[in-house]
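Using the sequences and the accompanying hints, generate a full structural model.
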Amino acid sequence: MSSTDLIKVHLKVWRQDGPQAKGFFEDYTLDEVNTHMSFLEMLDVLNERLMKDKKEPIEFDHDCREGICGSCNLVINGVPHGPEMLTAACQLHMRHFKDGETITIEPWRATAFPIIKDLVVDRNAFDRIMSAGGYISVSTGNAPDANAIPISKPDSDSAMDYAVCIGCGACVAACPNSSASLFTGAKVSQLSRLPQGAPERKKRVIAMVDQMEKEGFGDCSNFAECEAVCPVGISITAIANMRTEYVKAVLG
Amino acid sequence: MSTIANALQSQVGRKILTGLTGIFLTLFLVAHLSGNLSLFIPDGGESFNLYADFLHSLGPLLWIAEIILVILFLTHAYLGVSIYLKKKRARPENYKYYKSQGGPSKQNFASTSMLISGSIILLFVVLHVMHFKYHLFSPETYMVEGTEMVDLARHVSEAFQNPWIVAAYTFVMVLIGVHLKHGVWSAFISLGAKNPKLTPVLYTVGGIVALLLSLGFLAIPLYIFINGGL
Chain A
1 MSSTDLIKVH
11 LKVWRQDGPQ
21 AKGFFEDYTL
31 DEVNTHMSFL
41 EMLDVLNERL
51 MKDKKEPIEF
61 DHDCREGICG
71 SCNLVINGVP
81 HGPEMLTAAC
91 QLHMRHFKDG
101 ETITIEPWRA
111 TAFPIIKDLV
121 VDRNAFDRIM
131 SAGGYISVST
141 GNAPDANAIP
151 ISKPDSDSAM
161 DYAVCIGCGA
171 CVAACPNSSA
181 SLFTGAKVSQ
191 LSRLPQGAPE
201 RKKRVIAMVD
211 QMEKEGFGDC
221 SNFAECEAVC
231 PVGISITAIA
241 NMRTEYVKAV
251 LG
Chain B
1 MSTIANALQS
11 QVGRKILTGL
21 TGIFLTLFLV
31 AHLSGNLSLF
41 IPDGGESFNL
51 YADFLHSLGP
61 LLWIAEIILV
71 ILFLTHAYLG
81 VSIYLKKKRA
91 RPENYKYYKS
101 QGGPSKQNFA
111 STSMLISGSI
121 ILLFVVLHVM
131 HFKYHLFSPE
141 TYMVEGTEMV
151 DLARHVSEAF
161 QNPWIVAAYT
171 FVMVLIGVHL
181 KHGVWSAFIS
191 LGAKNPKLTP
201 VLYTVGGIVA
211 LLLSLGFLAI
221 PLYIFINGGL
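Which chain is which? The protein sequence lines are A and B, in order. One point on numbering: in the numbering used here, the residue at position 152 of the first sequence is 152, and numbering is uninterrupted. One point on numbering: in the numbering used here, the residue at position 89 of the second sequence is 89, and numbering is uninterrupted.
If you're looking for bench data, these hints aren't it; they were derived computationally from the structure. Note that the coordinates shown come from a computational prediction; the quantities given were computed from them, not determined experimentally. Do not take every clue at face value.
Covered by chain A, according to a simulated footprint, are these stretches of chain B (three or more residues, beta-carbon under 8 Å) [what the hints assert, rightly or not]:
#, segment
1, 57–69
2, 92–98
3, 101–112
4, 194–202
Mimicking DSBU-like on lysine-lysine, the simulated pairs with C-alpha atoms at most 30 Å apart in a straight line are [stated by the list, open to error]:
#, chain 1, residue 1, chain 2, residue 2
5, B, 99, A, 214
6, A, 117, B, 86
7, A, 214, A, 203
8, A, 214, B, 86
9, B, 88, A, 22
10, A, 248, B, 86
11, B, 87, A, 214
12, A, 12, B, 99
13, B, 96, A, 55
Cβ atoms here follow ideal geometry from the backbone N, Cα and C, with glycine treated the same way.
Encoded structure:
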């Protein structure tokens, strides 16, 4: 490994002891960061150093580290998941940063996503939106035949475009209004495109929109910032689709 | 019926109402501008005055139209303010560092200043109606063909020779363009435009509508000011 693969970075990390505690930025400098590391691995290295120094490590959410679980939730240099489009924070590599760069790291900020500690927020609001209507009814028992319900290729592709949502919450974090419309819109759109979602189609969209409101998410102002930060590239057509589904459910 | 009332108060309902009222207000601007452009007919403002007289001759129909317009303005403004207040509650502590990712994002000066541009436009509308409808700032009447009436074209022509009034109108007309740049596109998305191929086109169309309306309304005070009258 050549020395060009090593960079020095200054970090400004949000530290907060607990939900009610007052948060603040703490500065750290890492002299030799391997540019092949992911952003989370860089934080692992910092945490190892902190633990060696008998200091409290930085709490941050992570699980699969391959961009599919939606756990990582870091606002890096002012953008959820950082500067690379279509990339979750865990898949972001240090080669995208400059030698000597100062990187700020903040948690998702929204009333509906209260901070638990440091960079970790409580995203159960999304689970409650899902419980309100993001499900389908199936008979239990033996697995049904795979081809029992034919679904056209365009419909399944279109459903998949929305089903790729990993529920990370970057849409809420980036939205100037803290709206959860992209998340809810993606779930409503996915299920409305499949025959399995048909029985609950009308009550689903009304229940999920109601729950979104109850959780304290803001209104959508069509900024489309959510689409820009979404690590899987869900389009705001999901939101437009949620609106037409809603109107059909209320009027029909 | 109560379900529809509830639906209109939901996040989706509020957005649809904002879009619908916005589209009707934009259509009103188109009608208003078409009427105003009759000032450019070189007959000393006669066509414009005839157009104004025609509107007044509508009597109750005009009142109904005006009441509908007031309701549209107030509903649109109320929804805008409520969206802003909810946004404050939804994120009481702001990011210390925040920036737009760019790309498909429509976060720009126009979209983030909707409340400010909208508030100034609303204040302007009140003053504008007091000025040109109720003639509060220049209540003289003129004798036209033996009857005492307001020569609206002359009123407009005199008002727009005042550099302060022209400057204020220029500022507000540019703001209307800024408001509509995000507003027209946003209304389409709020009303369910969801063809991914169509949405970039809609954004451009929104920009063109905003630009044309803004330039159209700007042309009148600027022409009168530069020309030194009609």
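Check the structure against each numbered hint from earlier and tell me which ones fail, lowest number first. Number 1 only.
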